[in-house]
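Colleague: This is what each chain is made of:
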Amino acid sequence: MSFDVAAIRREFPVLHQQVHGRDLVYLDNAATTQKPKAVIDAVSGYYAHDNANVHRGVHALSERATAAYEGARETLRALLNAASTREIVFVRGATEAINLVAASWGGANIRAGDEVLVTEMEHHSDIVPWQMLCERVGAVLKVLPIDARGELCMEQLDALLTERTKLVGVVHLSNALGTINPVAEIIARAHAVGAKVLVDGAQAVAHMRIDVQALDCDFYVTSAHKMYGPTGIGILYAKEALFEAMPPYQGGGDMIRMVTFEKTQYNELPYKFEAGTPNIAGAIGFAAAADWLSARDVDVLADHEQALLSYATERASAFGGLRLIGTAAKRATVLSFTMDGVHPHDLGTILDREGVAIRAGHHCAMPVMQHFGVPATARASFAAYNTRDEVDALFAALAVARDMFA
Amino acid sequence: MFDLRDLYQQVIVDHNKSPRNFGKLEHYNHEADGYNPLCGDKLHIYLDLDEQGRIADVSFEGEGCAISVASASLMTEAMKGRSMQEMQAMFEAFQQMVTADIAEAPDDDTLGKLAVLAGVREFPSRIKCATLCWHTLKAATEDSGKVVKTE
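Quick note, the sequences are listed as chains P and F, same order.
For the first sequence, the numbering used here gives the first residue as 876, with consecutive numbering after it.
For the second sequence, the numbering used here gives the first residue as 3, with consecutive numbering after it.
Calculated from the structure, these hints are not laboratory results.
Accuracy of the hints is not assured; some may be wrong.
[Claimed, not checked] Computed footprint of chain F on chain P, listed as stretches where at least three residues anywhere in the stretch have a Cβ under 8 Å from a Cβ of chain F:
1) 982-995
2) 1221-1227
[What the hints assert, rightly or not] A partial selection of chain P residues facing chain F, derived with a Cβ cut-off under 8 Å:
3) HIS999
4) TYR1146
5) HIS1218
6) GLY1236
7) MET1279
By construction, the Cβ of each residue, glycine as well, lies at the ideal position given by its N, Cα and C atoms.
For reference, chain P alone in the conformation it holds in the complex:
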């Protein structure tokens, strides 16, 4: 499939504007991606034509809304290659998905003295829910360290996995470092000691093909807004047998089959985990994003992004005074760095005035910052619509910052 970045850019209305008198260069894609017209139209089209509540209505609009919502579930099942739509639960995002697993599966399966293993490069959303659970039940949170390049210390994994390890939480693609982790290998080794594995795919899905059956992961979570979809919607994938055995996370409408004051029968999967009116428009927009991604072939988009990342890495090395944070052999989309003598937040402000949007901060991964001994980093992250010229604009803006502080 040929790749035409100009054609891709035309599909994203927000890109065509000026900020502070400069053409917008949007390089904050790891925070959230922009949305193609197909997604915007899917959401507004739903509200303009089909809006109704799902699952219980007998009228035409409700039937259309239900068909669109359940159609979205099937689209996302196909995107992750899950075995069944019973394994796809809509949630607010990856964060809620992890909280659901920690509260429901964790609450039922993790006891005092048990162990949860996460990696040092996890996002706070894959640390804090486990910390809360461990505190509640008296379990132990262990950490698989990273090395100086921002790769997992895989040689330490087997020593950290014990028969007490009940769950391993690992990020597929690190938002702070760009590292792509060897999740298949981690899953195989964790399964060997009987532990379940949750993969945080919040960053990954926009940048690589995902096959949850091939990975054999127990849980996979992601958010739509980091893969060209709307905010406030994401999915939790779990193997059906796990979902079957898990208690509900929230009680309410839609998650029940029958309610009396004595006893409630819960609904079948996946509805058991979807209490209340869901984010219907969000799910529809999410599916439109998945369709958009599939139609353009995520591998082709990833090749383009990889070329940008390589070029940006080259320019960073030649720039002088930049320190790259995260130089793993397998890396995608993220260029995280610090500049000598200029705090990342000053960089963020200066670049913004040059029209270049990046992120400056701890990227919700404070342990990563602690590991590298920096309070924060500046992070440029690439998406399918970014160009080589935009990489040049980034480095031109960095030169402005360097001169200002010289």
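Given chain P, put chain F in place with the hints provided.
Modeller: Frame of chain P, contents of chain F only:
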């Protein structure tokens, strides 16, 4: 149009590069921590009040962006020898300046050199960087023992 140099004036760049009153005081009787979770800015203020309650000496340690370091540096310079009332008046004038409408001229009489930080009001996400040191200084005078947070 608003120029970046209005924010990053040479005085600010200089104070960031070589902050004044940086390091622990040999003698101090008050101290406090400040933290800005957005930026990760961390600040520790050492304060020596004399018997009349005047600021005999004040210093700071920590790490942060240029705005936060320069603001702390300029503040400690301006605070030496001040009474609590004078400190309070400057704190209020400073807060007024960084949150005021762009058209409003800073109160130069009260603020003196500190007026170079007026530019931050054009950058809403950076105002807290400039005020962190002031909140921390105030906490030190009150010996609250709590870490001051900007959020």
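Colleague: Take the hints in turn and mark each one as holding or not.
Modeller: These are the hints, each one checked on the structure:
no.	hint	in the structure
1	982-995	violated (count 0)
2	1221-1227	holds (count 3)
3	HIS999	violated (12 Å)
4	TYR1146	violated (38 Å)
5	HIS1218	holds (4 Å)
6	GLY1236	holds (7 Å)
7	MET1279	holds (5 Å)
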